[in-house]
Amino acid sequence: MALIDSPNLRQLLTHLFPGICIQENLRPSGQRLVYFCEFRSDPAAPSRWADWGDVVLKISEDIHPSVIARLEKERDILNELKSRFFPTLLFYQVFTDDPIRDEKLPYRLFVTIEERIRGEPLSSCQPVFSDQPRAVNLLRELVQGLRLLWENPRRIVHRDLKPDNIIIRTDGTPVIIDLGIIREQGSAGVTGTFWNIGPCTPGYASPEQLRNEKRTIDFRADVFALGVIAYELLSGSHPFKRFDTDPVDVVIHRTLNEILPPLDSLGCASTPLSALVHAMTAKEAYRRPRTTQDLLEKLSAIEGAL
Amino acid sequence: MSIKILHQVGHNANWNIDSFSEEQCGDGLILSPVHQDMPHVQELSQSLRRRSLFDPQYYLPNSPKAKLSTYPFFPGQISEVFSTVNFLLLALESAKQCVEFQIEQQFEGIIIPARFVDQMTTQYFDRQEDLTVKPFLTALAAVGGSTPVYLTVPITSAMLIDDGFQQQLLNWATGFQEISGVYILVADNRPTKQIRSSAFLFAYLKFAHELSNAGLSVILGHLNTESILFSLIEGVTLTFGTFENTRMFSLDKFIDNEEERRGPKARIYLPALLNWVRYEQAMEIRNDNPELWDKVYTETVHSQQAIAAAADPAFNQPGLYKHHFLCLAEQLKELAGLPVQRRFDAIRAMIKRAAELHAQIEDMPLDLDPHGNGEHLGPWLDAINRFYRLYLKS
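Sequence lines, in order, name chains A and B. Take the first sequence: its letters are residues 1 to 306, numbered as in the numbering used here. Take the second sequence: its letters are residues 1001 to 1394, numbered as in the numbering used here.
To be clear, the hints were calculated from the coordinates, so they are not data collected in a lab. It cannot be assumed that every hint is accurate.
Simulated crosslink set (SDA-like; lysine to any residue; CA at most 25 angstroms straight-line) [said to hold, decoys possible]:
| hint | chain 1 | residue 1 | chain 2 | residue 2 |
| --- | --- | --- | --- | --- |
| 1 | B | Lys1134 | A | Asn257 |
| 2 | A | Lys283 | B | Lys1206 |
| 3 | B | Lys1206 | A | Leu256 |
| 4 | B | Lys1065 | B | Pro1264 |
| 5 | A | Lys298 | B | Pro1148 |
| 6 | B | Lys1206 | A | Asn257 |
The structure displayed is predicted, hence computed values, not measured ones.
Okay, chain A solo, but in the shape it has when bound (with noise of 0.2 angstroms):
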């Protein structure tokens, strides 16, 4: 079950978290409840809280142990990462004490705060990077910051990666928030994030994705989505989501099934380019770059040549 906004829960935050001060409640993401917050001076907390700040406090609930023991794991490398295309992650904590009834929680919380980004999401500010020059260095910098995950030795796959999950700083570079912390949490989110046949987002998930084949996901299947980015921004619409209202299962079968026409025969892109986006949104990972060092190095030349 979701958890909902509401005063009883914003109460047992301010108790879980003295120093709290609840500022705005956003929409949420997947099944997390997200809040903007600071972090104030308060002699019930540890002194590092108030260092802390503004904060992206997400909230959700229900977490099986075995998932709780994945996500540690995940937190270690989210901190070993420390690099300025990723929010800083401030505190990781499951509570299962109720400190105003003393007494146990009906549910797990797992309550997750990292660094607020000052910045807009790219799905807000997306016509800045229509043109070439900026669309492909925002590649290339979004390239750079997820090679720390693909050439991770664990292998991390951001695998929801979308306009919505990166956030333009004031100074134009971007930052990727939402890493899969809690992908294998439940079933359908609110935010279109897709749960039944994996976790990702439709519309810019991978075929290998859609049809839930574990074993191909890679960090091919980030590059699928970011082709999908780089296609939205240069042509100005979705390559398979033509409307809003477009129901899923037909953003599922064109991601499947339509062949895009090459940005180049639209006038978008040059043909270098093109090819690139047509090989990045390829429907066999197979057929997508096969090296982070590769992408880079195309993205580079093109970049080089405008």
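Given chain A's structure and the hints, the job is docking chain B onto it.
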């Protein structure tokens, strides 16, 4: 385009070494521990090792072959009693030692070995990853370096012909950023020495083409004369060998078979026929129709000596194999120098010409034995025509 040719070493490794070192035939060797014990490999010259690869041959991990047991990292050696479960515990240690050996010996690249699994299920991938791929990648990450890394992909012809499974294989083999190439071996259980299935050949060509297109160096192991067809793959590395068990991949040579078998009949490679012909039948063409013989035969120093010798050559003498190396290398070198369209045209013309010559032999009349006749040529032509139509034609 560059095509490399490696000797697929087998019994009598010296024949390959002589051909490579003394006649500059081929670009290097794929060493074979089932045929070469560890001290012999270590004693090879450094210059030869630097141009060679070492295939660790984990295909049958509990193989009792004596020479394999001289390698302490071989699965059947590192664990007292081999079992998959036991080996899982020792897989990383085996990988570390095997990687260390390949680096120490300064081979041209490092081969990640694989077990031969003939089941077309996801178990294929799970087993490869658990037993070798992941342990080797871990071991390689620990030592670093820039030596090219090749992933062994031992498969069956059925796996290639099945489109769905081939796609899974492609997705899997292209999914490791750490590797720079793949070493493919295909077991094809057939009664004939030549491949007569156009479906298999087409599927194999497509597989190699897709891997090459993905930016991987493609080494095709255990090839027979069909290597001519595979010269259509850009940048491919082809292989040739002496005995048949280096030209057709099978687990048989890893089984300790003590049964004494009669050796195969001696055959000579006749380049214009694109086939090996039984030696005594070849001599019938030579003696009874010299004009036709001149069309099908290419002379080398080795064939000249064999023909001039008082006794007919036997299968266990090197001359006819060395003749084969020289002839095939020359054919492949000529093809490699052509752009792809002309290469395709040339191969097509070679096949058609071979079919004509086979017809002339039949008209002599002389019925070549089933392994030496031209029945493979039709399927070969079908396979490359289809491959060209779907993948090469611009």
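Going through the hints against the structure:
A C-alpha spacing of about 33 angstroms is found between Lys1134(B) and Asn257(A), which places the hinted pair above 25 angstroms, so the restraint is violated. A distance of roughly 17 angstroms separates the Cα atoms of Lys283(A) and Lys1206(B); the hinted pair therefore holds under the 25 angstroms criterion. With a CA separation close to 22 angstroms, the supplied pair Lys1206(B) and Leu256(A) stays within the 25 angstroms bound. Simply put, Lys1065(B) and Pro1264(B) have alpha-carbon atoms about 22 angstroms apart, close enough for the 25 angstroms limit, and the pair holds.
For the hint linking Lys298(A) to Pro1148(B), the alpha-carbon distance of about 21 angstroms falls within 25 angstroms, and the restraint holds. Distance hint between Lys1206(B) and Asn257(A) is fulfilled; the C-alpha atoms sit about 21 angstroms from each other, no more than 25 angstroms.
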